[in-house]
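Based on these hints, arrange chain B on the given structure of chain A.
Residue numbers (our numbering), protein chains in the order written: chain A, 751 to 876; chain B, 751 to 876.
Rather than coming from a laboratory, the hints here were simulated on the basis of the structure. Just so you know, not all the hints are guaranteed correct.
Note: identical chains are not told apart, hence a pair may lie in one copy or across any two.
Derived DSS-like pairs (lysine-lysine); straight-line CA-CA distance at most 27 Å [claimed, not checked]: (1) K771 with K875; (2) K771 with K848; (3) K848 with K875.
There are 2 protein chains.
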Amino acid sequence: MSYPPPLSDSEQDEAVELRPKFDAEGLVAAIAQDAETGEVLMLAWMNAEALQQTIDTGRAVYWSRSRNALWRKGDTSGHEQHVVEIRVDCDQDAVLLKVRQTGAACHTGRRSCFYRIATPEALTKS
Amino acid sequence: MSYPPPLSDSEQDEAVELRPKFDAEGLVAAIAQDAETGEVLMLAWMNAEALQQTIDTGRAVYWSRSRNALWRKGDTSGHEQHVVEIRVDCDQDAVLLKVRQTGAACHTGRRSCFYRIATPEALTKS
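Pulled out of the complex, with its shape left as it was, chain A reads as follows:
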């Protein structure tokens, strides 16, 4: 699996082809957002293969940096993400998945990974 290389600056911003700008590890950041509520659920990573499988299958597939392996969300936990829409940002180093989330996005069992609020003093749980 390979994509055409990123273009420079404004050409990349206006490209109408997918030209992901992978980092030194070959990854782009991927944000998963609940398609209905708008809640941001999690941030994970995708390599070229994960991105292509996500586009082709409509299921969110990530690259697990801790396990060094493709990670089809929900295969173990049952907490699948069905992709409603995939967006890319201006320079194509980040993607935004709007998903229908089964159960919890977070491995802690919470709906979203962003369950703590940072204040100047500490973190509070919401």
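Chain B in isolation, oriented as in the chain A frame:
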């Protein structure tokens, strides 16, 4: 500026102190989301100083990887981000800012950086 180090696994997930898990470049990912509409506006990066300035001042401050410098969003463009809430994810390698965005979040002049939809064939602009 320094933070206590990340804890391991479930201790980190439940920590009630800010213990950012910076990557090899000393950065965490930062998602900016419109506090009112829920629209995801951009993804950028923060080092410890950017994160602390954001918490202390209520203005979004990022680390520009291209310029290798702190970047107080809006200082040049006028497109400031006023922070309503800061959340951190389970392992604290990503933060979510809920912001009031002045003007455009994207340097292309668009409200959000995620203005293209990926399809199996190409990108379309929304």
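I want to check one pair: K771 and K848. Are their C-alpha atoms no more than 27 Å apart within a copy, between two copies, both, or neither?
both (20 Å within a copy, 26 Å between copies)
Can you tell me if K771 and K875 fall within 27 Å by alpha carbon in one copy, between copies, both or neither?
Answer is between: at 18 Å across copies they meet the 27 Å cutoff, but 35 Å inside does not.
How do K848 and K875 come out at 27 Å by Cα distance, when the copy is not named: within, between, both, or neither?
both (25 Å within a copy, 16 Å between copies)
Comparing the model with each numbered hint stated earlier shows that all of them hold.
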